[in-house]
Amino acid sequence: MKRRYRHLSAGAVSVALGAALWHVVRVRPTPSVSVASLVADALPASGVSHNVTAVLLNFRSYDTLLEVAVLLAAAVVALALRDEPSARSPAHVMYVALDAFVWRLAPLLVLVAAYLLWAGSTRPGGAFQAGSVLAGAAVLLRLSGLKVTAVDHRLASRGAMTFGLVMFLCVAIGTLLAGQALLEYPAKWAGALILLIEAALTISIGVVLYSLFDNAPQARVSDRESERQRER
Amino acid sequence: MIHLAFDGLLGLVLVATAAGAMFSRDLFRGVVLFVVFGLLMALAWTRLQAPDLALAEAAIGAGLTGALLLDAIGHLRRRRRSEPDDSSVSPDTSA
Amino acid sequence: MSADRLYAYVGAVLVALALYAFLVHTHVLRRLLAFNVMGGGTFLILVGLAQDGRGPDPVPQALVLTGIVVAVSATALAIILLRRWFATSQTTSLPEDGSS
Amino acid sequence: MSAQSLLPWMLMVPLSWATLMVLLAQQRDAITRVVNVVGALVLVGLSVALYAGVAQEGLAVHALGGWSAPLGIALRADGLAATLVVLTAVVSSACGLYAMTSERAARTNGKSAPRYFWPLFWLLITALNGIWLAGDLFNLYVGLELLGLSAVGLVALGGSEASLSSALRYLMAALLGSLAYLLGVALMYAAYGTLALPELAELITREPMTQLAIALMTVGLCLKTALFPLHGWLPPAHGVALTPVSAMLSALVVKGSFYILFRLWFEVAPDVVTPLAAQGLGILGAGAVLWGGWQALRESSLKMLVAHSTVAQLGYLFIFFPLAVGTGATAAALATQGMLLHVVAHALAKSAMFLASGTLIASVGRGGVADLAGVGRHMPMSLFAFGLAGVSLMGLPPSGGFNAKWLLLQSALASGQWFWLLVLLGGGLLTAGYVFRVFRESFLESPDDAGQFTKTPRAYDLFALTLAAMSVALGLASRAPLRFMTNGLAVMAGVQ
Amino acid sequence: MMSELLVLLAVAWPLTLAATVALRRSISATPAWSWVVCLAPIPALVAAIGVPDAVSVELPWLLLGSRWEIDSTRRALLIAAALVWLLAGWQMRARFTHDTHRTSLQIGWLLALTGNFGVMLVHDVAGLYAFFALMSFSAYPLVVLSRSAKALAAGRVYLAMTVLGEVLILSGLLIASRGLTSPQLADLSITLGDSPYAAYASLCLWTGFGVKTAVVGLHMWLPGAYTHAPPPVSAVLGGAMINAGVLGLLVTLPLGAMSFTKLGTVMIGAGLLGAFGAAVVGVTQRSSATVLGYSSISQMGLLMIPLGAALHTPSIAPAAIAAITLFAVHHGLVKASFFLGVDVARQSNAVSRRLVLVLLLLVGASLAGAPLTSGAAAKLATKYALADVATTWPWLINALSLAAAGTTVLVLRAVWCLSKEPTNPEAAEAGVEWPAGWLLSLVLVLTGVWWLPLPEVARAWPGASAGDAVSLLWPIALGVALAGAAMWASTQRLLPRWQVPVGDVLAPLSVLGSGMHAMVLRVAQIAESFMPGGAAQGNQPGSPRTGVVIAQTWRDIRSRLRVDQPGKADATLRSVAPIVFAALIIVVLILL
Amino acid sequence: MNTFATGSGWWLPLAVLGSSLVPALVIMLLSEQRQRTRTALNLSAALIKLSLVAYMTWSVARGNSYELRFGMLPGVDFVLRADAMAMLFAGLSAVLWLFTTIYAIGYLEGSPNRSRFFGFFSLCVASTMGIALAGNLVTFLVFYELLTLSTYPLVVHRGTPKALKAGRTYLRYTIGGGAVLLTGVALLSMIAGDVSFADTGALVNLIAQDSALLRVAFWLLIAGLGVKAALVPLHGWLPVAMVAPAPVSALLHAVAVVKAGAFGIVRVVYNVYGVETAQLLGLLFPLAVLASTTIVWGSMRALFQTEIKKRLAYSTVSQVSYIALGIALFGPWGTIGGLAHLLHQGLMKITLFFCAGNYAETLGIHDIDELDGAGRRMPATSVAFTIGAFGMIGVPPLAGFVSKWYLGLGALEAGMPWVLGVLVLSSLLNAAYFLPIVHRLWFRPQAGPWPDERSFGKHETSRWLLMPAVATAVFTVGAGVLANLPYSPLRWAMLVSVRVYTQ
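Residue numbers (the numbering used here), protein chains in the order written: chain A, 1 to 232; chain B, 1001 to 1095; chain C, 2001 to 2100; chain D, 3001 to 3496; chain E, 4001 to 4592; chain F, 5001 to 5503.
Simulated from the structure, these hints should not be mistaken for lab results. There could be a bad hint or two in this list.
Said to hold, decoys possible - Short derived list, chain F residues pointing at chain D, Cβ under 10 angstroms:
1) Gln5035
2) Pro5074
3) Glu5109
4) Leu5171
5) Ile5175
6) Ala5186
Claimed, not checked - Quick list of in silico lysine to aspartate or glutamate cross-link-like pairs, EDC-like style, CA-CA up to 16 angstroms:
7) Lys5162/F with Glu3441/D
8) Lys5165/F with Asp3029/D
9) Lys5162/F with Glu3445/D
10) Lys4383/E with Asp4468/E
11) Lys5162/F with Asp3029/D
12) Lys3111/D with Glu3207/D
13) Lys4150/E with Asp4053/E
Even glycine gets a Cβ: it sits at the ideal position worked out from N, Cα and C.
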């Protein structure tokens, strides 16, 4: 009874939302302001030639900064909830068959990541894509049972996780100290600074995304044994 | 025109995979469908002339999220006792 | 109808569908799936509607990129919490308390 | 430094400290402590400087990256934002110092304190300041997410099983809320092609898309503000978290989303929102006041009681809407003043109350209200702080809470909406009910005497008392802060 | 200066003595101190005799502003009062030293005395009221000196009626002072003149002071109090304090200023009723003190007649005032002497008792108004004063004469009872102390009328006609005859041995009041059950439902109307309740 | 409107407030063992306050007034002002506080939680002072509520379930009343703005347009104030609150709480509405009826109580309404009576409570029928009690008589002679419930051993306990006997009454 009620009300809400969205998509007004053209106008001064990257790391770099902070928040929580070493089960082997494939794929992925990072300033690609590819490579390695360095409480891990943010902050504070607005790059240095930030971010994003995977809590050994007994 | 047909088809498939991902009885299948959904989204982004998003979606949305979910599923499924199905109503977020 | 608007429609459908899923499911992973689908739908609406009839717009694309990263962070965080929670409670749904 | 150039520092400082704290996480206690204290001092100092600057110069705008909106993002600080920045600095400093004290106490008792508390703590402040100062809808979204994730993380740090489920529940709500908000942002961008608040405010017109966008954002933000009946996630989250975290969550975090809602309704889209919708929000607020109060009255755990109280107190904030939308200029102005004062007073009082509750629980060793018997004799100061905070929450004079309620009452009278008067008064009575319930238990002289109470650091009481005293002192001098806060708000335009 | 000091000292001296006892209780046991207490009225006496009329002491800081002064009426009454106090004190000396409750006795004595003198000195409203209250309340310890159950019961009634009297006086004074800017008594009748409430004020004042002067209907306290108090106390009650009431009436009622025909008539009626009724009830009594008490009621009834007449016909006021003063002084001295005699008799052995009885008959003769006594002077003065109203009530003077027959019977009855009363064995064995006080009082009673500073009419005797003498004598003769007949009848057992309960109307009132008490209690309970938080505060555990309470109430009242049995509730309260009830009725009557 | 009023001596009201506020905070921080410090602090604070108040009273009598004003809320000022009316109450509180403090020091000797007790005790007095000196309704409300809060810990001080239950009842009433009062004040503020107390009222101009609302506001205010003033049917908390320690009862009944309510009614009628406005609006007559009902009802209930303190409590219910009654009697005499009674009742009732406390502390007596013969054992206490009781009955020359006298005159002047009947009835009832106690004290033999006797050597009880009782008894006598001296309560009430009528 209650369940049906729940489904009904959820359905009603969803249908209403869907219909409303459908309606407004249908009757959408045309905006008077076009930021796209503003971006196009300002692109030359941004230090990069790819507009999305320009928006991400120059025009709206503040968003990106906060976004990196969001990522860091998740990573920190993951780290905080990481199992104690004693409670961690050894890396489990699930997809053994992938092993050989992955072993060859991983270096390739690193290369792809480097390319993406570098390409970001002129064409599609950038720190996020590159970082996630990096992380993906690490995850693949991990899934295939290979030992990848754990992203744990060591300073190195934490350093790697925060590296991008530190860089970003350094640039940001540097601009402030230089008497500019926040993240207002000097015209000459804009491209270089963006690349610097992106490079650092790539590493950090890769590490962080991987850490989110790596730090997911594992079953406790004792739990698992009791589980087995229960299954029998 | 052909583009629009393709777009329409892609839209339909997107909706279908999404529905499958969310409503399939088997969670594992749902996650796999979600990965497919992510890849189709990447395709959609290219159709929307957003290659950056396509890349990101493929790598993050489909790849990483998929991996996370799959790992979690493996973890949970191995440990699952009696999965409380949806009949146990939990109001959680009060939504 | 432009492709952009079409994808916006798709987004609307996805959002509605995902909302329903989010509301009716109690399994946290299913909810996360719904969340991600909803996110996808939202992004489609954002980009689709913004670009509809005006060509590619880097701003919404950048926004979506940020959104994707945020979504993955949130998803990862949720999964971590879920796994921790599961380790102690052995359930994948949230407990019912009398408070709501 | 001028206010304008101070603005980015309000973000850079906490963010830097967050990063620093990640790096310092495994360091010795003393270093962490020194760094944190310095951080708190810097933060408070800068906040006050910003306040002074805004007071002197008026609205401060900082175009980030040198790109002015709508291309870039701007940070904006008017009186309200500056006040909230100071509030954040003060409350979070007190909570931080409390946390530091409790960490130290835990260490000396051989227990471990939660790791990675400090990065999340500073990230939370970053997010809060980001929200107060934001001038861009999407930026607000990112801020909301940062706020939500770091808050969820802090809740999860509680370490207990309940803290995990509460965190998860909180996260689910936060995600849904953010998505609803984001959907609204998407529609707004689609409709107006810009995300900058001032531009939007000028462009905005009443049409379906805008209305849907506002509705979606409102729903999302209400969910995040735990408006009844979407409040289910709040009590467990605020109830089980670490004491200073609970304090910050109840005092500041829920206000973040409410702040956005306020800006949205009264700065961005005053012509889009309807009195009917406002009445709806008001009714839900009334529901929150009564239901939250009732739940608090029945609650058996002390911190949960305080958490339910937050639900109820947030309800007052929503009663503001029907008083300010569609009513006369005077009523709206009064309501705005009342609401803003309530935001501040509640933040101070609730954080004090949580800190005091935490101290009491630490002393008793158990968290039940009924376990407090006899604590009155051993923890008079904590109880006093609790009481002072309670005064403000109950809306008894002299306190910020009273002044807020007074203004809301006046507004209800001025707009002829008697119904809200009853809610305001009824809510006050319920509050008195649960606050004094705690006192009743505490004053009970238990026959089995002493010994069972743990000694707690005296500094605990200092922080709680300071916050509570500020909340009460606000009652004696709220005219100046109010004038400052409301200066330049659109809703006040008819009056000032 | 000296005079002023004396006036103050008349009051201040006994007050100081009272304070001394209160602070140093040990002093009360010393014999020397008993002399000091006994002689406390001396300053007042000296002042009354020595201070000239014109002396006035202004004390603006006292109360609402006070003025003390002695005029002719006051002088007469003050002298009589001081003498009575002095002689009674003399008689009390042994008790002062040896009584178990000597401290409260001494304090009560001194304070009552203070109040009594104060009443006779002050000229302002608040002062009068204050001293009157002081006197009335302070007499309570004297009444209950023996602490016997009966004395305590009588004390309760006394107290309750005193309170009633106080509030009536307060109401009367308030109404009379309406709009009054000066607190002086002399101005009272002036403001009263244009007051719409003048009659109410007078009624209140009459009934208020009437409690003290035992106006019929308000007299129920008197017989009991006189009976159970030690006789010297009864002497001051009936000889001195009663006159404070008389003075109160004289100075507060607008005598001579206004005419209240209705009220005057009522007063005369009440006076006659008291005079004869008390005689009838009195003869059925068995204790000499009770009989004397009824005699006082009777005498005061007589006194009400000229008072009522003066209110009725303002023109006779001066003569009436003089007559009343004389009457009061006479009655005070005689009654005091009688009571002192009773005291002496009770402590005497059989032989000396006969002598005492004979002497008391002499006193009784004065009371009955035998020629050449003060009683005769008083009665004649009254008759002269009433001469002018004889046209309205031609029978009034005869009625007055007839009343003397009743008095005679009462006197004889009192002496008879006294002769039958058992002697106090211890006292009798010890032999009575030389009853100097009483003997002096005898002298005073028999000769005082010739030399005391009394109103001029007192000296009218030598010029009185033979008719007057006859009119004085026949009632006495009638009384003696009646008494003889009654005695004969009683020896033949022709008369029922029936006694009106002491305090007559008190008994039925008590039963009624007890019922009222129960009802009030229940009503209160019912009402409380409707009050918010009522259940939390009631005495009884739980708050019964209204219907149940009402049913209980009815049962309760019925059972109480049948038997007045002491319940669990505070006994004191219960016995006060009937009086409260009586008071309520009176108040309601007044307000109507 | 915004800044500090800088008239000379603006700091005086603040100093009066501070003289108990600061000690309150300091005492609360003192450790339990620092008894000497605490006592010294308490007494010196009381004396400082007394001298400050005395100076101000003297100065106010000469026509000065002190005011402190600053903006508290938009449209609302925080105003402390020492006018004649304020000094009436402030003077009472200052005098009685001294005695109560002394008494409390003796009473609580050796009991736990003294720091808390004295802390809140001082806070309570600070609130009372605030109530006295409040210069407008909102400021009044501030301190009125503060009083509720600071008395609660005192009521539940003993920490027994019974005390806590009483505390709960107390709160239910007072917080509820506070809410109603708040509504009233808010409503009035909406009609009339920030209403400062003025000698002859502030609302006369509004009668024409807003009379209905003004009436509603008036009754809301009275209902809110009536809770503390224990007007029937809002009096239920008072007898229950008797579980508190004796000095607290004394404070509740004589100085702080009930007086705050009564004083509030005074302020509302005279200084907010203005007595003539109130009369025009027809508000006084119902108020008189209400007060009369309370007077009779309280006395009736007192009659049936068997516990000393409960009887006294109901007596308070009755007696405090004399104040309201006096106010409701239009005309200067009624005003004088009511205001004088504000002071007189305080003196008398505090004496009675001190004595009740003495009996309880020295002999363990709580019930009336245990009092038999206590007069011999504790003569000084009993004399004080007797004086208090007779004063309450209204027997001259004690204080109660003076107020009753003026009330009676006022009733006649106001054309309400039935009030005289109420006074008479009440006096009778007062006598009926007080005289039996007095009788038991003095005229009954001791029935058996005292329930719980403590010995104090050759003294009847501790000097700390005895001294205040005797002192207030002396004041009770003095206020009556010397009623006509300058600075007597009566004369001060006259001074005030001159100012509240326009002609």
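Here is what the structure says about each hint:
no.: 1; hint: Gln5035; result: violated, 16 angstroms
no.: 2; hint: Pro5074; result: holds, 6 angstroms
no.: 3; hint: Glu5109; result: violated, 18 angstroms
no.: 4; hint: Leu5171; result: holds, 5 angstroms
no.: 5; hint: Ile5175; result: holds, 5 angstroms
no.: 6; hint: Ala5186; result: holds, 4 angstroms
no.: 7; hint: Lys5162/F with Glu3441/D; result: holds, 13 angstroms
no.: 8; hint: Lys5165/F with Asp3029/D; result: violated, 47 angstroms
no.: 9; hint: Lys5162/F with Glu3445/D; result: holds, 11 angstroms
no.: 10; hint: Lys4383/E with Asp4468/E; result: holds, 10 angstroms
no.: 11; hint: Lys5162/F with Asp3029/D; result: violated, 49 angstroms
no.: 12; hint: Lys3111/D with Glu3207/D; result: violated, 59 angstroms
no.: 13; hint: Lys4150/E with Asp4053/E; result: violated, 45 angstroms
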